[in-house]
Amino acid sequence: MSERNPPGPGLKLYAVLAYAYLYVPILILILFSFNASKYSVNWTGFTLRWYDELFRDRFVWLATRNTLIIAFVSTFVSTVIGTAAALALHRYSFRGKGFSETTLYVPVIIPEVVMGIAMLAFFAQVGFQLGLGTIIIAHIAFCIPFVALTVRARLHGFDRSLEEAAMDLGANEWVTFWRITLPLIMPGVLSGALLAFTLSLDDYIITLFTAGPGSTTLPLRVFAMLRQAVTPKVNALSTLWILVVFILLVLVQWLQRPQNVKSKT
Amino acid sequence: MGTGRSRVLKFIRERQDVQGTLLIMPTMFWLGIFLLIPLVLIVLISFAARGQYGDVVYTFSLKNYRNLLDRQYVIILWDSTWIAFMTTALSLVIGYPLAYFIARSHPRYRSFFLFMILVPFWTNFLIRIYAWMIMLRGQGVIGSVMTSLGLMRGLGEKIFNQIQLYTPGAVLIGMVYEFLPFMILPLYSSLEKLDPSLLEAAADLGARPWRAFLRVTLPLSLPGIVAGTILVFVPAMGMFVVPDLMGGARTVLVGNLIRNQYLVARDWPFGSAASMVLMILTLAVTLVYTHFFGFGEELVA
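Heads up: the sequence lines are chains E and L, in that order. The first sequence: position 139 = 139 (the working numbering), numbered continuously. Converting from the second sequence to the working numbering requires adding 265 to each position, the first position being numbered 1.
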């Protein structure tokens, strides 16, 4: 709804203010990661001291390691399982399809804290030791729906005639899937995977309930840092984190460029 | 030997419904065991009793629910609903014009403007809370700026006291900042689909811009409003991190109550009953809302 109806000056001004509202706090946070003063909001000089302290913090490294292990494993598993579900829901009709779809919306309509305590109660009941394993199980569970729904949205407009042509030319289902279907839906699968990765990387609430001793993740660590005396070390950590997210996002945008979305014909 | 296997393959090949079932099975298996069964377990525990050592003694009692009728808990539930409602309303009011702006801007810049929404959206929410803690601290950015501008007296000081860190006002500011992108994205995706010729038709028929907006744009963006409202209201209802970090001791929401019952007081049955009430509240609001306005198809678009 654009070309013939550009935004007026009032709306433009509003947009400037709204973007300022979104960005000023983040930019100030980044700025203060380079501030020499420990507590003051006054600028007392440029320093990289907080980054230095951050890199020396053994707990931060440990938490980073845990976070990455959890994120990679749960992204891989939830992407495979969720993509299969997306294909099932998009192409086939089967018994219990409606129920499956409803189940996928459960994480959208139930507050995270409820999922968190439910999983904690379940793990306690069946006697699972809380730790990296239970966090990964939980992350896979809340990532699957987002992967499935994202991939399914990208399957609209998928041209099945290519698959049929491959089969007519003698390729079996296996070859057809790996050589035709997967490459075609790959941009969708990758956006689903990146969404899962970020969701896992970011999660504090469900992780809080499913973590055990020694399985502290970065969000848990950041929360602990915010509850203690806050130093600009948190700003340094936040700045690096924002940078990583920014790079991931640029990657996503690149994946979603029209020429990369081959499935849309 | 191979015939058994090939017969199975042939069977699968011929039966579309079997293929679909096989593909959905891992998902249903995982979500069934690790999401649905745990939720059922919470229902059971909410009727149980707390044992002497914080364990769960399975009985059937309504005691936990009766305890929730205690004045202090009713206030907590009311406060949570009120803050979630205010968060949703403010996000809608702040987010709608921005989504409208993005949808109407030139296609060449549109993806950039959208990208600018995605960056805060994908930034860790603890970091976003921290950013506002810096802004709202007693000696924080806003306070310092106001002091140096000479605004820290009279009305200015009164306003600052309402929103500075560790007040309910700060919690609301933090919540709106957290959830605003959840509102803007579905709003944008429904506004973007709007056909401009409809507005031209309205104008040709003599409708003033305001009237055209109220009669054409607003109703057609309803799916986005519904989706955005659900995406903001549901997590806002259960939020306990923002009140933890920005609210001080006075602001306790139902999310804090549940977290404390599970991780501190170890009264899981009472915590489960509180979660049930929370779930029923969010589901009821979502259902009533979608009943009147239709299901938000933009929910995951």
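Just to be clear, a hint being listed does not mean it is correct.
[As the list claims (entries may be wrong)] Beta-carbon label-pair distances, calculated as ranges:
hint, chain 1, residue 1, chain 2, residue 2, range
1, E, G96, L, K275, 34 to 44 angstroms
2, E, R160, L, D335, 52 to 62 angstroms
3, E, L243, L, L463, 38 to 48 angstroms
4, L, V283, E, L169, 22 to 32 angstroms
5, L, A466, E, G8, 54 to 64 angstroms
6, L, G415, E, V230, 38 to 48 angstroms
7, L, E465, E, E53, 56 to 66 angstroms
8, L, F558, E, E101, 12 to 22 angstroms
9, E, T231, L, V358, 55 to 65 angstroms
10, E, L243, L, S413, 52 to 62 angstroms
[As the list claims (entries may be wrong)] Here's a subset of chain L near chain E, in silico, CB distances under 10 angstroms, partners left out:
hint, residue
11, L300
12, V321
13, V322
14, F325
15, I340
16, M351
17, F378
18, I382
19, A466
20, L470
21, V499
22, V517
23, I523
24, M544
[Stated by the list, open to error] Here are the simulated DSS-like pairs of lysine-lysine, each with C-alpha atoms no more than 30 angstroms apart in a straight line:
hint, chain 1, residue 1, chain 2, residue 2
25, E, K38, L, K423
26, E, K38, L, K275
27, E, K97, L, K423
28, E, K38, E, K233
29, L, K458, E, K12
Treat the hints as calculated values from the structure; they're not laboratory data. From the three backbone atoms N, C-alpha and C, an ideal C-beta is built for every residue, glycine too.
>> Output the indices of the hints that this structure fails to meet, ascending.
In response: The structure conflicts with hints 1, 5, 6, 9, 10, 13, 14, 15, 16, 19, 20, 22, 26, 27, although it agrees with all the remaining ones.
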